[in-house]
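Undergrad: Single-letter residue listing:
Protein chains: 2
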Amino acid sequence: MDSDPLLSNFYGVGFRLCPTPNAQLQLVLSEDRDIDLVELEKLCDAVGWSRRPLRRVRKALQHSLLRVGLWRHDPRVPRLVGFARCTGDGVLEATVWDVAVHPLYQGAGLGRQLMAYVLDRLRTMEVERVSLFADPDVVGFYASQGWELEPRQRRCAFWYSP
Amino acid sequence: MDSDPLLSNFYGVGFRLCPTPNAQLQLVLSEDRDIDLVELEKLCDAVGWSRRPLRRVRKALQHSLLRVGLWRHDPRVPRLVGFARCTGDGVLEATVWDVAVHPLYQGAGLGRQLMAYVLDRLRTMEVERVSLFADPDVVGFYASQGWELEPRQRRCAFWYSP
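Chains as they are written, first to last, in our numbering: chain Y, 832 to 993; chain G, 832 to 993.
Rather than coming from a laboratory, the hints here were simulated on the basis of the structure. Any given hint might turn out to be false.
[As the list claims (entries may be wrong)] With a Cα cut of at most 16 Å, we get these calculated EDC-like pairs of lysine to aspartate or glutamate:
hint : chain 1 : residue 1 : chain 2 : residue 2
1    : Y       : 890       : Y       : 867
2    : Y       : 873       : Y       : 957
3    : G       : 873       : G       : 929
4    : Y       : 890       : Y       : 951
5    : G       : 890       : G       : 867
6    : G       : 890       : G       : 865
7    : G       : 890       : Y       : 957
8    : G       : 890       : Y       : 959
9    : Y       : 890       : G       : 929
10   : G       : 890       : G       : 929
11   : Y       : 890       : G       : 865
12   : Y       : 890       : Y       : 872
On a predicted model such as this, the values are computed, not experimentally measured, just so you know.
With these hints in hand, go ahead and build the complete structure from the sequences.
TA: Following this line, the structure appears as structure tokens:
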């Protein structure tokens, strides 16, 4: 299925189909298809994140190591229903940010498939270590996928620009 | 002092002198001077970090957002005695890695000056948020410099390449 020539026209050669219980639904992961910033903003609205200026989001995406979208396939207008991105040097370190699945599509294992796709891509780059900051409500989600929580009792720290 | 034309030949225009109690010691921070990989390896050895292949370190440094060295100035051979680097998109997120000060130069406030220099550079880029993973023995070091520890009870998680 992953070599479907039609889907690769939409999503590039690196796309991956997500199996779902609903056979009529085609959900596609890809790092190749461009992310529409207005669609991404709608997705972030839907998961309750605060808005950021589009020009800054555009620049941040351009300077990311990896941008992955999850689309509900529609030959007329594919709809962005999930997203994740990574920053990093692509060798020793990568950091995952902004993991989102639209609330209407949650509970079907898509977040897990999105993260598996992200890690597969980072593995291909031979990145040694991947890190992320997990909010309390998603700690279990990551722990169940083999992420080590606070190894060596490391603590996360943030500094916000004044 | 920061406009010393001699020092800028060595360290570039963005260098900063670190005040120290010892007037004979000139310690210079800079993001402009190239990091010698063999010197960096010696510094990492001195602080007890495990070695990594130089070609991978070279690539990681090339793909970093910021690389800052701290040198003990010597007109013949400046000596690298401190280091820090950041990855990130340079807009929304930056992450600090590999903060090191040579044990012989610790205890004089140089780590603090190194971090202040890093944050000044990130501020100039207008990065919104800076993150890091603090080992237990340096949590107090960062907390005393205005870093928020585990804000919103976020937890750090790592995934290591098999």
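Undergrad: Look at each hint and say if it fits the structure.
TA: Here's how the hints hold up against the structure:
1. 890(Y) - 867(Y): holds (13 Å)
2. 873(Y) - 957(Y): Judged against 16 Å, a Cα distance of about 33 Å means the pair is violated.
3. 873(G) - 929(G): Holds, because 14 Å separates the two Cα atoms, which is no more than 16 Å.
4. 890(Y) - 951(Y): With a Cα-Cα distance of about 25 Å, the restraint between residue 890(Y) and residue 951(Y) is violated, given a limit of 16 Å.
5. 890(G) - 867(G): Holds - the C-alpha atoms of residue 867(G) and residue 890(G) are around 13 Å apart, at most 16 Å.
6. 890(G) - 865(G): Given that 16 Å is the threshold and the Cα spacing comes to 13 Å, the pair holds.
7. 890(G) - 957(Y): With Cα atoms ~12 Å apart, residue 890(G) and residue 957(Y) stay inside 16 Å; holds.
8. 890(G) - 959(Y): holds (13 Å)
9. 890(Y) - 929(G): Distance of about 25 Å is beyond 16 Å: violated.
10. 890(G) - 929(G): holds (15 Å)
11. 890(Y) - 865(G): violated (26 Å)
12. 890(Y) - 872(Y): This hinted pair holds, its Cα atoms lying about 14 Å apart.
Of the numbered hints listed earlier, those contradicted by the structure are 2, 4, 9, 11.
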